[in-house]
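The listed protein sequences correspond, in order, to chains V, Z and D.
Start counting the first sequence at 1; every next residue gets the next number (UniProt numbering).
Start counting the second sequence at 1; every next residue gets the next number (UniProt numbering).
Start counting the third sequence at 1; every next residue gets the next number (UniProt numbering).
Take the hints with a grain of salt, since some may be wrong.
To be verified - List of simulated lysine-lysine pairs, DSS-like, C-alpha gap at most 25 Å: (1) D:154 / D:29; (2) Z:127 / Z:87; (3) D:154 / V:124; (4) D:29 / Z:18; (5) Z:18 / Z:87; (6) Z:274 / Z:295.
Derived by calculation from the structure, the hints in this document are not laboratory data.
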Amino acid sequence: MTDPILEVDGLTKQFALNSSVLSRLLGNTRTLTAVRDVSFEVGRGETLALVGESGAGKSTVGNIVTRIHQPTSGAVRYRGDDIHELSNEGLREYRQSVQMVFQDPYSSLDPRYRIGATIAEPLKIHTDLSKADRRERVAELLETVNLDPDFADRYPHELSGGQLQRVSIATALSVDPEFLILDEPVSALDVSVQARILNLLMQLQRERNLSYLFISHDLGVVKHLSDRVAVMYLGEIVEQGETASLFERPAHPYTEGLLASVPQANPHVRRRGQRLTGEIPSPINPPSGCPFHPRCEYATEECESDHPPLESVFEGREAACHHWEEVSAFEHVGEMSAEERREAN
Amino acid sequence: MTSPRLSVRDLQVTYTTKHDEVNAVDRVSFDVQNDEIFGIVGESGCGKSTLASTILRLLDDNGEITGGEIRYGDWDLAAMSEGELAKQIRGREISMVFQDPNTSLDPVYTIGRQLIETIRQHLDVSKQEARKRAIQSLADVGIPSPEDRLDDYPHQFSGGMRQRVVIAIALSCDPGLLIADEPTTGLDVSIQAQILDLLEDINANHDTSIILITHDLGVVAEVCDRVGVMYAGNLVEVSPVDVVYDDPKHPYTEDLLRSIPETHEMKSELTVIKGTPPDLREPPSGCRYHPRCTKVCSDACETGDIPQEYREDGSVVRCYLYDPAENPEYEGSAKVDEGQRDGQLESPERGDQL
Amino acid sequence: MATEIETQQTTGRDESQLRQFAESFLENKLAVFGLFLILSIGVITLFAPQIAPYEPRTQNYDAILEGPSAEHLFGTDNLGRDIFSRVLYGYQTVMTITLGGVMMAFVLGTSIGLTAGYRGGWTDQAMMRAVDVLMAFPSLILALALISALGPSKWGVLLVLGVAYTPIFARVARSEAVSLREEQFVKSLEVRGASQSRIVFRHILPNAVGPLIVTITLQFAFGILTTATLSFLGVGVQPPDPSLGRMLTEGKDYLATAWWYSIFPGLAIMIPVIGFNTIGDGLRDTFDPRQVNR
Numbered sequence: 001m002t003d004p005i006l007e008v009d010g011l012t013k014q015f016a017l018n019s020s021v022l023s024r025l026l027g028n029t030r031t032l033t034a035v036r037d038v039s040f041e042v043g044r045g046e047t048l049a050l051v052g053e054s055g056a057g058k059s060t061v062g063n064i065v066t067r068i069h070q071p072t073s074g075a076v077r078y079r080g081d082d083i084h085e086l087s088n089e090g091l092r093e094y095r096q097s098v099q100m101v102f103q104d105p106y107s108s109l110d111p112r113y114r115i116g117a118t119i120a121e122p123l124k125i126h127t128d129l130s131k132a133d134r135r136e137r138v139a140e141l142l143e144t145v146n147l148d149p150d151f152a153d154r155y156p157h158e159l160s161g162g163q164l165q166r167v168s169i170a171t172a173l174s175v176d177p178e179f180l181i182l183d184e185p186v187s188a189l190d191v192s193v194q195a196r197i198l199n200l201l202m203q204l205q206r207e208r209n210l211s212y213l214f215i216s217h218d219l220g221v222v223k224h225l226s227d228r229v230a231v232m233y234l235g236e237i238v239e240q241g242e243t244a245s246l247f248e249r250p251a252h253p254y255t256e257g258l259l260a261s262v263p264q265a266n267p268h269v270r271r272r273g274q275r276l277t278g279e280i281p282s283p284i285n286p287p288s289g290c291p292f293h294p295r296c297e298y299a300t301e302e303c304e305s306d307h308p309p310l311e312s313v314f315e316g317r318e319a320a321c322h323h324w325e326e327v328s329a330f331e332h333v334g335e336m337s338a339e340e341r342r343e344a345n
Numbered sequence: 001m002t003s004p005r006l007s008v009r010d011l012q013v014t015y016t017t018k019h020d021e022v023n024a025v026d027r028v029s030f031d032v033q034n035d036e037i038f039g040i041v042g043e044s045g046c047g048k049s050t051l052a053s054t055i056l057r058l059l060d061d062n063g064e065i066t067g068g069e070i071r072y073g074d075w076d077l078a079a080m081s082e083g084e085l086a087k088q089i090r091g092r093e094i095s096m097v098f099q100d101p102n103t104s105l106d107p108v109y110t111i112g113r114q115l116i117e118t119i120r121q122h123l124d125v126s127k128q129e130a131r132k133r134a135i136q137s138l139a140d141v142g143i144p145s146p147e148d149r150l151d152d153y154p155h156q157f158s159g160g161m162r163q164r165v166v167i168a169i170a171l172s173c174d175p176g177l178l179i180a181d182e183p184t185t186g187l188d189v190s191i192q193a194q195i196l197d198l199l200e201d202i203n204a205n206h207d208t209s210i211i212l213i214t215h216d217l218g219v220v221a222e223v224c225d226r227v228g229v230m231y232a233g234n235l236v237e238v239s240p241v242d243v244v245y246d247d248p249k250h251p252y253t254e255d256l257l258r259s260i261p262e263t264h265e266m267k268s269e270l271t272v273i274k275g276t277p278p279d280l281r282e283p284p285s286g287c288r289y290h291p292r293c294t295k296v297c298s299d300a301c302e303t304g305d306i307p308q309e310y311r312e313d314g315s316v317v318r319c320y321l322y323d324p325a326e327n328p329e330y331e332g333s334a335k336v337d338e339g340q341r342d343g344q345l346e347s348p349e350r351g352d353q354l
Numbered sequence: 001m002a003t004e005i006e007t008q009q010t011t012g013r014d015e016s017q018l019r020q021f022a023e024s025f026l027e028n029k030l031a032v033f034g035l036f037l038i039l040s041i042g043v044i045t046l047f048a049p050q051i052a053p054y055e056p057r058t059q060n061y062d063a064i065l066e067g068p069s070a071e072h073l074f075g076t077d078n079l080g081r082d083i084f085s086r087v088l089y090g091y092q093t094v095m096t097i098t099l100g101g102v103m104m105a106f107v108l109g110t111s112i113g114l115t116a117g118y119r120g121g122w123t124d125q126a127m128m129r130a131v132d133v134l135m136a137f138p139s140l141i142l143a144l145a146l147i148s149a150l151g152p153s154k155w156g157v158l159l160v161l162g163v164a165y166t167p168i169f170a171r172v173a174r175s176e177a178v179s180l181r182e183e184q185f186v187k188s189l190e191v192r193g194a195s196q197s198r199i200v201f202r203h204i205l206p207n208a209v210g211p212l213i214v215t216i217t218l219q220f221a222f223g224i225l226t227t228a229t230l231s232f233l234g235v236g237v238q239p240p241d242p243s244l245g246r247m248l249t250e251g252k253d254y255l256a257t258a259w260w261y262s263i264f265p266g267l268a269i270m271i272p273v274i275g276f277n278t279i280g281d282g283l284r285d286t287f288d289p290r291q292v293n294r
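My request is simple: use the sequences and hints to build the entire structure.
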């Protein structure tokens with residue numbers, strides 16, 4: 001990756017929990033660290049997936065990149081410029097160049113606006129096209145996402161979830177962005193509808209050389225769509241690497257457990273390896289040392305006290321684990337016989 | 001062969017709205033055997049959740065059973081009085097677990113109280129006895145130190161633990177059948193895996209059959225013994241789980257499986273099903289899948305009244321592909337099986353329609 | 001690439017939202033009755049000069065305290081003025097005041113509430129604490145205090161209503177804005193660089209319009225009552241302008257001998273209050289998403 005379009009560097013985000021004025025004056029606020037020292041890069045035309053379970057901090061990262069939240073420390077650089085220190089003009093360009101598609105198609109469009117008006121809105125904000133030109137552009141965009149241009153006159157409640165999600169994508173594309181943040185864009189959709197949206201996203205990326213930051217908990221979709229994956233746990237990236245290799249040979253026990261927990265749509269195949277036990281601890285009181293150690297079967301005394309840094313463990317892979325060698329040596333994928341399957345159950 | 005735990009025959013459910021009637025479940029027949037996990041899979045709007053609530057007659061006010069029967073033991077749940085149903089069946093013989101554990105528990109009572117209440121409502125036991133049973137139920141679903149947690153309120157449990165509590169309440173009276181409607185949707189994969197393990201464990205260690213309603217083909221593959229695939233209110237295929245994945249019988253099942261990313265090379269174009277699901281207010285004639293089907297084999301697909309009763313490799317399929325009279329290329333020996341399917345219509349006069 | 005273009009299905013759901021809304025509202029018989037009352041009163045108010053058989057201020061000492069008759073539908077008062085005509089003109093006064101006051105409160109309150117709710121944080125705290133202070137005074141006491149500062153007049157009452165009801169609209173608007181702020185479409189507008197005024201007035205306001213309309217109708221009912229009360233207490237509309245509340249005060253002295261003097265103005269106050277209340281309840285049911293038929 002020679003030319004990163006987005007660089008996230010040492011990002012940390014803390015939220016104050018007692019936000020009453022008095023406690024703030026007294027200085028006794030408790031804080032929740034939603035994101036801790038997260039760094040990654042996304043190259044031009046590349047898809048980086050942020051995966052993890054709820055509370056992992058992946059959506060917070062997305063919200064910081066879109067400037068909905070301010071980071072507590074660290075920086076986000078887009079084409080080299082820190083996005084939180086942009087001039088007005090720079091910010092306007094950023095708002096145009098980086099677009100977002102949200103998870104819930106039903107709430108991501110204003111219910112009182114016709115589809116055409118929703119898609120045209122970014123054009124109104126960012127361009128000085130005439131009304132007729134905007135209409136024409138809306139029709140083009142609808143066709144780009146494989147919807148009939150007549151949809152422009154409809155209201156969101158008349159559309160299905162998959163159609164709405166395509167309208168969201170069309171809206172995002174209206175101002176010719178280079179970078180899309182996709183926050184669980186297909187999680188709310190049925191598989192057959194999901195397939196179309198995924199095809200559309202892949203096609204658009206090829207045609208327009210778009211870069212994607214793909215936030216998802218669905219590992220099947222992530223595996224299909226992304227070039228690289230960053231796995232988050234309790235606000236930190238615990239492992240990062242090329243998709244295929246990471247799925248085949250995870251080097252962090254959390255990745256291993258996550259992959260083993262995903263039900264495979266094939267009764268004969270089951271990933272070997274330890275499934276995740278227990279639940280994610282509270283981010284208000286994270287465990288000492290390695291945050292994953294209470295749930296980790298590889299954990300030793302070292303893990304309880306020593307926080308392993310995210311470092312390069314082998315070619316193209318970073319992991320934050322003292323025992324990565326042990327983890328990555330394990331044979332994970334294979335066909336299971338019926339007996340083995342019963343056994344495993 | 002012993003008689004099945006639950007036997008649904010030609011079940012039909014109709015919703016009446018201001019302007020239309022919607023046939024949400026259309027002549028569905030299936031059996032749930034003793035001690036099996038029976039999966040019902042389909043996409044949103046296919047009628048799977050309606051089917052689940054119909055078994056316990058928990059339909060919304062505008063829905064009603066317009067035909068068929070639901071046999072459980074000696075009872076026909078479709079015809080029972082509401083009072084009998086509440087006393088004998090709900091929570092006692094058949095219990096249900098819903099998708100959202102947060103709304104399934106009453107936040108103002110301790111979980112112990114909710115458990116004991118359920119137990120004493122159905123079983124004639126003393127308070128101490130009920131308490132003991134409650135603790136046992138919590139232990140059964142893997143809640144650590146159940147005695148202490150009995151006096152906790154729902155909000156003191158995490159999402160995954162709350163779903164375990166809901167399952168504990170459902171199991172507290174040793175029901176013969178547990179209906180789980182999307183029990184893991186919205187939970188994290190690690191919690192989902194744990195809940196699925198728990199369901200398998202319950203199925204193995206108690207005399208409880210399970211109907212698992214889900215949209216997730218992975219979940220089905222993981223825990224189910226047999227699977228019913230629903231499309232637009234019809235049960236299009238009932239097959240053992242291996243058959244569904246290795247050699248799906250109905251074209252819809254096949255198309256559905258082919259649209260999940262796992263069955264494709266990374267970054268390759270996914271196979272999509274053409275068209276969109278039908279509006280059930282005006283369902284397509286003939287097979288409801290025919291406008292989207294790539295394997296239409298006969299004119300009858302568009303017009304015929306297809307029975308859900310072609311048998312093939314232990315599957316029951318609602319498709320003319322398995323009817324030698326309609327599909328000239330058919331080479332198997334599927335036949336309409338009459339003996340077992342009491343209450344089922346004889347195969348309708350398909351020939352006359354051509 | 002062999003992707004098909006999706007076309008619209010005729011789902012039968014293509015009725016306009018307005019029509020669905022109207023249909024649902026019209027099913028509520030009580031609300032339709034209220035609407036009928038209010039429309040009638042609206043017509044009466046607009047055409048009072050044409051309908052009224054007498055000039056409301058003209059005194060006729062030949063017809064003092066006459067009971068209802070064909071000549072004087074509601075009878076006459078102690079100065080021989082036609083009560084029916086005075087009620088019609090009284091409506092004009094009370095409706096103008098209420099309409100003006102409620103609209104003023106709507107504009108002020110909604111702007112404050114939406115801005116506070118959408119921006120949150122410090123702005124929200126400051127604005128809503130100010131609103132709380134206003135709310136802490138019972139509206140009648142607030143009204144009396146304001147009137148005594150401004151001096152009693154029609155416009156004083158209007159201003160009083162405007163100030164007293166602003167907090168109510170601010171509260172409703174704020175709570176709507178707070179929940180709409182979390183909607184994804186609002187977030188996506190922010191990400192797309194839409195300005196704050198665009199988001200607040202072009203997107204949040206139209207989506208909050210339901211509860212606000214309900215509040216408007218209910219506040220109308222209260223506004224009529226407050227106007228009448230102030231007049232009753234003698235600090236509202238000043239003579240010789242006809243005022244329903246004032247007629248009530250004057251009539252109460254004659255209750256034993258001339259019941260019509262206070263009963264008809266009393267009924268005249270009651271009818272629009274009932275009307276607005278039933279419309280308000282009907283609208284609330286219609287806007288409530290739980291009531292929407294699927």
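Hint check results:
1. A distance of roughly 35 Å separates the Cα atoms of residue 154 of chain D and residue 29 of chain D; the hinted pair therefore is violated under the 25 Å criterion.
2. Using a Cα cut-off of 25 Å, the hinted pair residue 127 of chain Z and residue 87 of chain Z holds, with the two alpha carbons roughly 19 Å apart.
3. Straight-line distance between C-alpha atoms of residue 154 of chain D and residue 124 of chain V comes to about 45 Å, which puts the hinted pair past the 25 Å bound.
4. The suggested pairing of residue 29 of chain D with residue 18 of chain Z holds, with an alpha-carbon distance near 17 Å, which does not exceed 25 Å.
5. Of the pairs offered as hints, the one joining residue 18 of chain Z and residue 87 of chain Z is violated, with about 33 Å between alpha carbons and a cut-off of 25 Å exceeded.
6. Simply put, residue 274 of chain Z and residue 295 of chain Z have alpha-carbon atoms about 12 Å apart, close enough for the 25 Å limit, and the pair holds.
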